[in-house]
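Participant: One line per chain: the protein sequences are G and B, in this order. Per the numbering used here, residue 327 is the first one in the first sequence, and the count goes up by one each step. Per the numbering used here, residue 118 is the first one in the second sequence, and the count goes up by one each step.
Check the hints yourself; a few may be wrong.
Just some of the chain B residues that point at chain G, by a computed CB distance under 8 Å [as the list claims (entries may be wrong)]:
| no. | residue |
| --- | --- |
| 1 | 126 |
| 2 | 141 |
| 3 | 142 |
| 4 | 173 |
| 5 | 188 |
| 6 | 238 |
| 7 | 242 |
| 8 | 306 |
| 9 | 323 |
To spell it out: a stretch of chain G is covered by chain B in this simulated footprint if at least three of its residues, at any positions, have a beta carbon under 8 Å from a beta carbon of chain B; those stretches are [to be verified]:
| no. | region |
| --- | --- |
| 10 | 329-342 |
| 11 | 377-390 |
| 12 | 397-411 |
| 13 | 423-430 |
Quick caveat, the hints were computed from the structure, so don't treat them as lab data. In this text, a Cβ means the ideal position worked out from N, Cα and C, and glycines have one as well.
The chain contents come next:
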Amino acid sequence: MHEYSLAHSLLEGLLEHLAAHPAEGRIVKVHVRQGELLTLSQEALREAWRILSEGTPVAGSELVIEKVPVKVRCPNCAYQGKVQYLAEEGWHYTIPVLSCPKCEGRVEVVEGKDLAITALSVEDQEPTPTENPPS
Amino acid sequence: MHEIRTGFGDILKRQLELAERNYEFLADRGVRAINVMGAIGSGKTALIIQMAQRLQGKGVRVGAIAGDVAGDDDYRRFQAAGLPSTVINTGDDCHLDAHRVGHALEEFPLSAVDVLFIENVGNLVCPADFPLGTDQDLVVISVTEGEDMVRKHPKMFAQTDVIAINKVDLAEIVGVDPQRIVEDYRKVNPHGRAVLTDAKSGRGVEELLSALGF
Numbered sequence: 327m328h329e330y331s332l333a334h335s336l337l338e339g340l341l342e343h344l345a346a347h348p349a350e351g352r353i354v355k356v357h358v359r360q361g362e363l364l365t366l367s368q369e370a371l372r373e374a375w376r377i378l379s380e381g382t383p384v385a386g387s388e389l390v391i392e393k394v395p396v397k398v399r400c401p402n403c404a405y406q407g408k409v410q411y412l413a414e415e416g417w418h419y420t421i422p423v424l425s426c427p428k429c430e431g432r433v434e435v436v437e438g439k440d441l442a443i444t445a446l447s448v449e450d451q452e453p454t455p456t457e458n459p460p461s
Numbered sequence: 118m119h120e121i122r123t124g125f126g127d128i129l130k131r132q133l134e135l136a137e138r139n140y141e142f143l144a145d146r147g148v149r150a151i152n153v154m155g156a157i158g159s160g161k162t163a164l165i166i167q168m169a170q171r172l173q174g175k176g177v178r179v180g181a182i183a184g185d186v187a188g189d190d191d192y193r194r195f196q197a198a199g200l201p202s203t204v205i206n207t208g209d210d211c212h213l214d215a216h217r218v219g220h221a222l223e224e225f226p227l228s229a230v231d232v233l234f235i236e237n238v239g240n241l242v243c244p245a246d247f248p249l250g251t252d253q254d255l256v257v258i259s260v261t262e263g264e265d266m267v268r269k270h271p272k273m274f275a276q277t278d279v280i281a282i283n284k285v286d287l288a289e290i291v292g293v294d295p296q297r298i299v300e301d302y303r304k305v306n307p308h309g310r311a312v313l314t315d316a317k318s319g320r321g322v323e324e325l326l327s328a329l330g331f
């Protein structure tokens, strides 16, 4: 259950950012990228966000989580890119196989273990009615 | 509705930075560290003690850190085995993290050890997301946990290059074929090495040390 501490870190970073750069309007969506190697429950993360964001400027915002595929680098053949997946019946899960799809060598993971806020969706404010409309 | 690109940094980057700091701290002192992960009761502590005794026989000085949610039982086992050791109680956290380990390392008598085993909290899920700054990872599972451990925790195994399948002496009694676990592991990690062990008798411990490069 480390989703709460991760949600807390996301929120802390966002509130700091908003203190310096306030959004012009209500933030309705917070877009997050999640590396697919992270073992975290999106449902638990969204729930943690809902609870922790109460009473903050992003209360009621929806956490939109995008899973980002693993990218690797092969020190043997210099391949860079995505990996193959194991999707056998009975696993009920697609598992990135951390092996070079070209030469089957050992690889280094360059992407797929990160968690970051990428964008905010902000509701446009109604234009403020002017007090003395031109006649 | 409009969108604002935030370009925020990765929040796990801080963990990575702390892990790198630990790695350098250990490297500067000539200490090689191994993060030992695995479920509760898989035999992590017993295997560490077995490995430590064999390494000590070869003149390698070994220490251990016991990571647990609460209690000092594993720490007392390390102490009874004569290993320089300490305990990290995480309170309620289900995993060790680089920050906690960093503080433990500052207090640890690192000049008295060449190899440091860091026993993570018993958990096959969360520790995979938190690098500690160790040189190697080792996952310990036992046949009593069932034949399907790899299938149930594929990400942990996909990212770990050495695993011990412990308590093989009980395999027949519990009706588990350890080779099925090995086959599943090979599928998710074609480069990994799986070693069958029995920490009680010491079976497979030499092979496990060799898989870890000792």
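Participant: If a hint holds in the structure, say so; if it doesn't, say that too.
Facilitator: Hint check:
{"no.": "1", "hint": "126", "result": "holds, 6 Å"}
{"no.": "2", "hint": "141", "result": "violated, 19 Å"}
{"no.": "3", "hint": "142", "result": "violated, 22 Å"}
{"no.": "4", "hint": "173", "result": "violated, 31 Å"}
{"no.": "5", "hint": "188", "result": "violated, 19 Å"}
{"no.": "6", "hint": "238", "result": "violated, 11 Å"}
{"no.": "7", "hint": "242", "result": "holds, 5 Å"}
{"no.": "8", "hint": "306", "result": "holds, 7 Å"}
{"no.": "9", "hint": "323", "result": "violated, 24 Å"}
{"no.": "10", "hint": "329-342", "result": "holds (count 6)"}
{"no.": "11", "hint": "377-390", "result": "violated (count 0)"}
{"no.": "12", "hint": "397-411", "result": "violated (count 0)"}
{"no.": "13", "hint": "423-430", "result": "holds (count 4)"}
Comparing the model with each numbered hint stated earlier shows that hints 2, 3, 4, 5, 6, 9, 11, 12 do not hold.
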